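K.L.:
Listed in order, the protein sequences are those of chains A and B.
With my numbering, the residue at position 270 of the first sequence is 270, and numbering never jumps.
With my numbering, the residue at position 195 of the second sequence is 195, and numbering never jumps.
Keep in mind that a hint or two might mislead.
Because identical chains share one entry, a pair is satisfied inside a single copy or across any pair of copies.
Claimed, not checked - Within a straight-line C-alpha distance of at most 30 Å, the following computed BS3-like cross-link-like pairs (lysine-lysine) qualify:
1. Lys31 - Lys62
2. Lys172 - Lys31
3. Lys100 - Lys62
4. Lys100 - Lys172
5. Lys216 - Lys100
6. Lys31 - Lys216
7. Lys62 - Lys172
8. Lys172 - Lys216
9. Lys216 - Lys62
In short, the hints are calculated from the structure, not lab data.
In this text, all values refer to a predicted model and were calculated from it rather than measured experimentally.
There are 2 protein chains.
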Amino acid sequence: MMSDTASTALPEQSPLALVCGGGTLPFAVAKALIRRRRIVLFPIHGWADPGGVAEYRHHWVKFGQFGLFCRTARAEGCRDVTFIGSVIRPSPWQLRPDLKTLRLLPRIMRCFRGGDDHLLSGIASIFEEHGFRVVGVRDLAPQILMPEGLLTRRRPSNRDYADIQKGLSLLKAISAFDVGQATVVHAERVLAVEGAEGTDRMLERIALLRRSGHIKAGNRQGVLVKAAKDGQDLRLDLPSIGPQTVDAAARAGLAGIAVGADKTVLADPCALQRAADAHGLFVLGVGSTMLPQ
Amino acid sequence: MMSDTASTALPEQSPLALVCGGGTLPFAVAKALIRRRRIVLFPIHGWADPGGVAEYRHHWVKFGQFGLFCRTARAEGCRDVTFIGSVIRPSPWQLRPDLKTLRLLPRIMRCFRGGDDHLLSGIASIFEEHGFRVVGVRDLAPQILMPEGLLTRRRPSNRDYADIQKGLSLLKAISAFDVGQATVVHAERVLAVEGAEGTDRMLERIALLRRSGHIKAGNRQGVLVKAAKDGQDLRLDLPSIGPQTVDAAARAGLAGIAVGADKTVLADPCALQRAADAHGLFVLGVGSTMLPQ
């Protein structure tokens, strides 16, 4: 159902609208894409980094200015839209709705009841009903995804593999609940499950619990396991890791990080690898053969 | 299989050995029992509160002095044993093993791989093989359990009930993983899952995430849901709540607390009720009809 129609330019030739949240990920994606396609950034005011935005053609939007986005994106000839970068889950009260958003408000409010996937897929279908095609980073820039296999000098031990398997099974069991995408397991004991706090804060918690003696584990023990939820719309919110994840995992005393291969964005692969080797951590991309069925 | 035999006194007449961890719960249980049965406390050095212990007949033991416990408990004529109170999961390296424990060490070390239930049931079977009967607080002092229904003036709203249902379903889904016994849900979104940090620290996290703006929710919104794991040995580790849980839930801005009825220990029911009414929180005992099947 389309209530409006977008530019009739062929999708392949039309520039890509990149709606940018916070962090460096939007610029990693922009950099990977710019040689192959025209891109227009739509940085979200209050989240996106103005420094990184300046290098690219861009139009700032406020959270809730859907009408402005539609007009500007169409004027630019954009038909494909990608969402990228972190947006701390906004409150409905932070919306700066323009007229079009106001009309959609009851529906948007319903999207806010439930987890992140529910919110994102609700927002995505609104874009699609307005004639845009929502495209995932996964299809646009597969080179920024975590490959299957080992990135580091250190390799997981058999015990680490047991922890990884347990973590993947747990993430699978909770994926229907739209909670978090990460967990920490040590000696087959689940130490933490990611909630609203995000991966980095969960790792901080592990570091604190170790220092206070609540978690007893030798240094370089335990694994951070991170994977997309079952049935998650991979166009909208891929798990991501970067050098700061490695640093946080090292501070938490972990042996390494295991992430779903081809479904996790690597924010800065070279820096990540350097950091992991420096700390003596492993970073493993887990392929589908290892994922619990 | 019994490798030793205990006193031949009838279990009903024999005194009860109460192995005490930290907190006030051991003394609430002791107080509830002392009028009906002789009890001997075995406070664990470093965990149990010496002040509370002094009122009762007791013998201090160190974590790992299983031989000393067996000798002393038999000399006291104890055949039934109950474990009660918090023990921050000790490291195997904190064991102060006596000879008997040393012989059991390979087996004990295996108990430490995995979650709390696995550890506790392993320890319990060692006690049973030495001629003791492990009895649950639930059978000894059912009066200290949370009853079904509402304890407070405030009642849950329909939205609170939706959150409670979601929380109970999540706890059920993760119960096979032997993680935590509690979760926080708001607007049908799971905000936190308890891990090694325990309920009070999970609630602190919610308070922090609210203050930093990572969680957007009005005051007195969201529910702490706490329930025993599926298949959990209820003789060994019942979830518990007390006035401090209510205070922590209030600081986290929650609307209330829902716990599994008849499977949750109330540490100090009167103080808990007073605290909840003062903060305007509900406390609900959820019966089996509401539990997800």
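K.L.:
If a hint holds in the structure, say so; if it doesn't, say that too.
P.N.:
Verification of the supplied hints:
1. Proximity of Lys31 to Lys62 under the C-alpha cut-off of 30 Å is restricted to the intra-copy arrangement: shortest distance 24 Å within a copy versus 61 Å between copies.
2. Within a single copy, Lys172 and Lys31 get their C-alpha atoms no closer than 33 Å, and across copies no closer than 44 Å, so neither meets the 30 Å cut-off.
3. In the homo-oligomer, the alpha carbons of Lys100 and Lys62 lie at most 30 Å apart inside one protomer (13 Å), although the nearest pairing across protomers, at 69 Å, exceeds that limit.
4. Taking the closest pair of Cα atoms, Lys100 and Lys172 never come within 30 Å of each other, the shortest separation being 38 Å inside a single copy and 42 Å across copies.
5. Taking identical chains as interchangeable, the C-alpha atoms of Lys216 and Lys100 lie at most 30 Å apart only when they sit on different chains, with a minimum of 24 Å there against 54 Å within one chain.
6. In this assembly of identical chains, the alpha carbons of Lys31 and Lys216 never lie at most 30 Å apart, being 43 Å within a copy and 33 Å across copies at closest.
7. Taking the shortest Cα distances, Lys62 and Lys172 never come within 30 Å of each other, neither inside one copy (35 Å) nor across copies (40 Å).
8. Proximity of Lys172 and Lys216 under a CA criterion of 30 Å is satisfied in both settings, with 26 Å inside one chain copy and 27 Å between copies.
9. Proximity of Lys216 to Lys62 under the C-alpha cut-off of 30 Å is restricted to the inter-copy arrangement: shortest distance 18 Å between copies versus 46 Å within a copy.
Checked against the numbered hints given earlier, the structure breaks hints 2, 4, 6 and 7 and satisfies all the rest.
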